[in-house]
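Sequential numbering of the sequence shown, starting at 379, is according to my numbering.
To be clear, the hints were calculated from the coordinates, so they are not data collected in a lab. All clues given are correct.
Listed next, with one range per pair, are the computed distances between beta-carbon atoms:
no., residue 1, residue 2, range
1, Arg-573, Cys-427, 46 to 56 Å
2, Glu-720, Lys-601, 22 to 32 Å
3, Gly-608, Met-870, 37 to 47 Å
4, Ile-772, Asp-873, 27 to 37 Å
5, Glu-720, Leu-902, 51 to 61 Å
6, Ile-589, Ile-772, 47 to 57 Å
7, Ile-846, Ile-511, 52 to 62 Å
8, Ser-512, Lys-826, 47 to 57 Å
9, Lys-416, Arg-593, 55 to 65 Å
10, His-913, Ile-589, 47 to 57 Å
11, Gln-517, Lys-601, 28 to 38 Å
12, Asn-420, Lys-504, 20 to 30 Å
13, Gly-608, Pro-827, 52 to 62 Å
14, Pro-832, Lys-504, 54 to 64 Å
Simulated crosslink set (BS3-like; lysine-lysine; CA at most 27 Å straight-line):
no., residue 1, residue 2
15, Lys-829, Lys-438
16, Lys-921, Lys-835
17, Lys-435, Lys-424
18, Lys-438, Lys-921
Glycine residues also receive a C-beta, built at the ideal position from the N, C-alpha and C atoms.
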Amino acid sequence: MKDKKLFSLDELWPLLKEIYQTSKELEHQMINWKEEVKISLNSRTKLLCLLSSMSNKHHKKQELSNSEFKEFDSLFCPKEGAHPLAYYFLIDELITLIKCPAIVSNLTHRYYALKVVRYLKQTHLKGEWQKFISLPSKQQTLERGATIVAQWSQPERHVSYPTISSILDNIAEQTKDLLKEQHPNHSIFSTPTERFIFWKNNIIDDNQWNISETRQVTDALCKVLFEKLGFYGNSEMYYSSENSFIDRVLERRRGIPITLAIVFESVARRLGIRCEPVSFPSHFLLRWKETYAPEFKDTENYYIDVFNGGQFLTKKNCPRIGGVSRCPIEKYNVHEEATAVEVVTRMANNLEIAARQHTHINGTHRTARLRSALELRYMIQPNDTNTVLQLGRIYMSQHMDLTELVKILENMQKDLELMSRGQANMISQTFKTLQKCQKRLQPKEEIKPKKRIPSVKYAIGLIMKHKIYGYLCVITGWDVRCMASTEWMNEMNVDGLEEGADQPFYKIFVDDGSCQYAAQENLLLAPNPEWINHHAIGRYFYKFSGAHYIPNEEKAREYPEDEKVCNELIVEYMQNGITYNTT
379 MKDKKLFSLD ELWPLLKEIY QTSKELEHQM INWKEEVKIS LNSRTKLLCL LSSMSNKHHK
439 KQELSNSEFK EFDSLFCPKE GAHPLAYYFL IDELITLIKC PAIVSNLTHR YYALKVVRYL
499 KQTHLKGEWQ KFISLPSKQQ TLERGATIVA QWSQPERHVS YPTISSILDN IAEQTKDLLK
559 EQHPNHSIFS TPTERFIFWK NNIIDDNQWN ISETRQVTDA LCKVLFEKLG FYGNSEMYYS
619 SENSFIDRVL ERRRGIPITL AIVFESVARR LGIRCEPVSF PSHFLLRWKE TYAPEFKDTE
679 NYYIDVFNGG QFLTKKNCPR IGGVSRCPIE KYNVHEEATA VEVVTRMANN LEIAARQHTH
739 INGTHRTARL RSALELRYMI QPNDTNTVLQ LGRIYMSQHM DLTELVKILE NMQKDLELMS
799 RGQANMISQT FKTLQKCQKR LQPKEEIKPK KRIPSVKYAI GLIMKHKIYG YLCVITGWDV
859 RCMASTEWMN EMNVDGLEEG ADQPFYKIFV DDGSCQYAAQ ENLLLAPNPE WINHHAIGRY
919 FYKFSGAHYI PNEEKAREYP EDEKVCNELI VEYMQNGITY NTT
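Take the sequences, apply the hints, and build the full model.
Okay, here's the thing in structure tokens:
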């Protein structure tokens, strides 16, 4: 029996609470809450201790290798001696820290918490994926696969299958309500509850109603989904990564064909309707037939275009879809039903395209998104040497550990066909050579203090405004003269500046999420300083004062003379009557 003290978990540890409520293993156990809380708080102390040490170890690095998080394994992996539910508790703690208002947060701890929560979640999800693909094929439902994609790609959010499943259940209930109004004698209303539970959790072989009643259900579902609830295709931001996350699609009610198709199929199945996902090169549709019985194998196929309001298409009336020059169902019956794994693979490919096109909101770091998408692809297709090669390029560009990829390629050589085995061997040898070079060229971790000279007017942490482009930014570093490449200086026409390259240049984080390098003559102190919305702000600063950012220990050691200059400039501006936002 579960203790009534469970209620106290609701605000503190929502994910842990969900596990206590839904875990069959815990259903009939007596839980010693005093001991559970004691273990949890001890884990929290260890977590915060490790988190607070990360900046000192990794401040020079943009992306961290998985090997650099191994010290966290003993906190959340049962195989390493952790409490069986420690993972869920730590995820709650990390997300609470991440969601804490920035004005009262330690921004450096928050920055590294995002990296740790990614590692914890994605490590855990590798196990969940193996469980998923080990299920009988009929139990590999699309919404479960899509949930894993959403959880993998949004580690900072609570994305749970029970929540997603509940929303889909609700849409199914709304459809039944409409059916009740229009067709009160429909057979669905005399169907036992256990049948609905089975359909929810299993891919069904055929529609569960006669042809007339099947049509009534599909008509009602289209009205509820596309008219009442207003789901629609998002063509303006087609490759925005949010369109690939089922939780966001259910929340915002817009998406791309593949996620809208998953929503439609998942609800239809709950109502006893079979729809087959079909992955065309240029589009993603659902195939539906009035009956799937073998004796009616020549029954006409319909394709449901969920991106365009749930239109039922045939070969005769198929229009050009989404700018496609030819009808995607031209080769009418040659496409096989896509499996859940194939659908998830296509979703991962879409996320890779989104990362490469840099369409995500607020400038979230492109490299991190691309790395995440490729690591997702590798999890789904572990024998794809091309994915490993692309990951290797990212790892090398970020000075990351290649050991894991080398081991992957060595294992591939044992299993792949001769041609692929040779390719894996060639890539592996290349990685090993580069790994040796990396060790020799590894960036030194010690911090070399920067010495100010009189010509450097500004300091790190100051919030600036660009004189030409008008954007707000924060200074993260400076050089006494332009240190960019000749190519960059030519492209930016640095010689056309009044003082040319022989003036201080500042490394800045811009409010749109980008990183820039700006000449001193183009910057001025922002008259009304504001929070700078940049994903990496915590890498260099631990607090926002309202007037400027306060550097963390590592950044302060790199620019030891800047704090005094920063404070003097702020006092001077305040005395001159310029108002700073200190709230």
